[in-house]
Amino acid sequence: DTGVSQNPRHKITKRGQNVTFRCDPISEHNRLYWYRQTLGQGPEFLTYFQNEAQLEKSRLLSDRFSAERPKGSFSTLEIQRTEQGDSAMYLCASSARDFSGNTIYFGEGSWLTVV
Amino acid sequence: AQSVTQLGSHVSVSEGALVLLRCNYSSSVPPYLFWYVQYPNQGLQLLLKYTTGATLVKGINGFEAEFKKSETSFHLTKPSAHMSDAAEYFCAVSDKGFQKLVFGTGTRLLVSP
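Chains as they are written, first to last, in my numbering: chain D, 1 to 115; chain W, 1001 to 1113.
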């Protein structure tokens, strides 16, 4: 399977702990995105990388959140000092320009539950 | 700023009936428009997209959507619903730049036998 891969798929953590999610994009996709989705809502944009450069961050991405994409390959999203409001599904997506513009492919998501 | 409005958080149809899921967008620049489907506890799968050219776009699983600029709409249709179509459907808009997707709140499609 050469789709977008995310792990762990599920994480339960105690409030105040740090968590890290990993995303492996589709091979050769130079663009990588992180979104957050809460129950009953559509995904909300968090941040975007082109290769290793982080080009945009949403205001949703507080200073407790940090994302990296070393060497332009996989990416990690770390949440420090988790709060109950961080409980959500974190979606990673990747894209590469095709003939009709970018097609963005999503992974299966990483569910975070903060207790 | 771009935005998407999906009318109806839930739509119920009988198996074999027409499916119509509504999406209206707001964009100050020519938009790219997308429909994604999400099954329970899974990520999003692209159904179809409009970028340029033909305004009637065909996607996977028999779905299609028509871009109507005058109505700022991109409604999703399928002539005959199947039980396996039951899922959450999201409409999204982006610009032609780096393609940050802005999603609607989703419509849950329920299909009854």
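Derived by calculation from the structure, the hints in this document are not laboratory data.
Backbone N, C-alpha and C define an ideal beta-carbon position, used for all residues, glycine too.
Mixed in with the good hints there might be a few duds.
[Stated by the list, open to error] From the derived model, a few chain D residues whose C-beta atoms are all more than 10 Å from chain W:
id	residue
1	Pro8
2	Arg15
3	Gly16
4	Ser27
5	Glu52
6	Glu68
7	Lys71
8	Arg81
9	Gln84
10	Asp86
[Stated by the list, open to error] Pulled a few chain D residues facing chain W out of the computed Cβ check, cut under 10 Å:
id	residue
11	Phe74
12	Glu108
13	Trp111
[Claimed, not checked] 30 Å max Cα-Cα, derived DSBU-like pairs, lysine-lysine:
id	chain 1	residue 1	chain 2	residue 2
14	D	Lys11	D	Lys71
15	W	Lys1068	W	Lys1100
16	W	Lys1100	D	Lys71
17	W	Lys1100	D	Lys11
18	D	Lys11	D	Lys57
19	W	Lys1069	W	Lys1058
20	W	Lys1069	W	Lys1100
21	D	Lys57	W	Lys1100
22	W	Lys1100	W	Lys1058
(request) Give me the numbers of the hints this structure contradicts, sorted from smallest to largest. (result) 11
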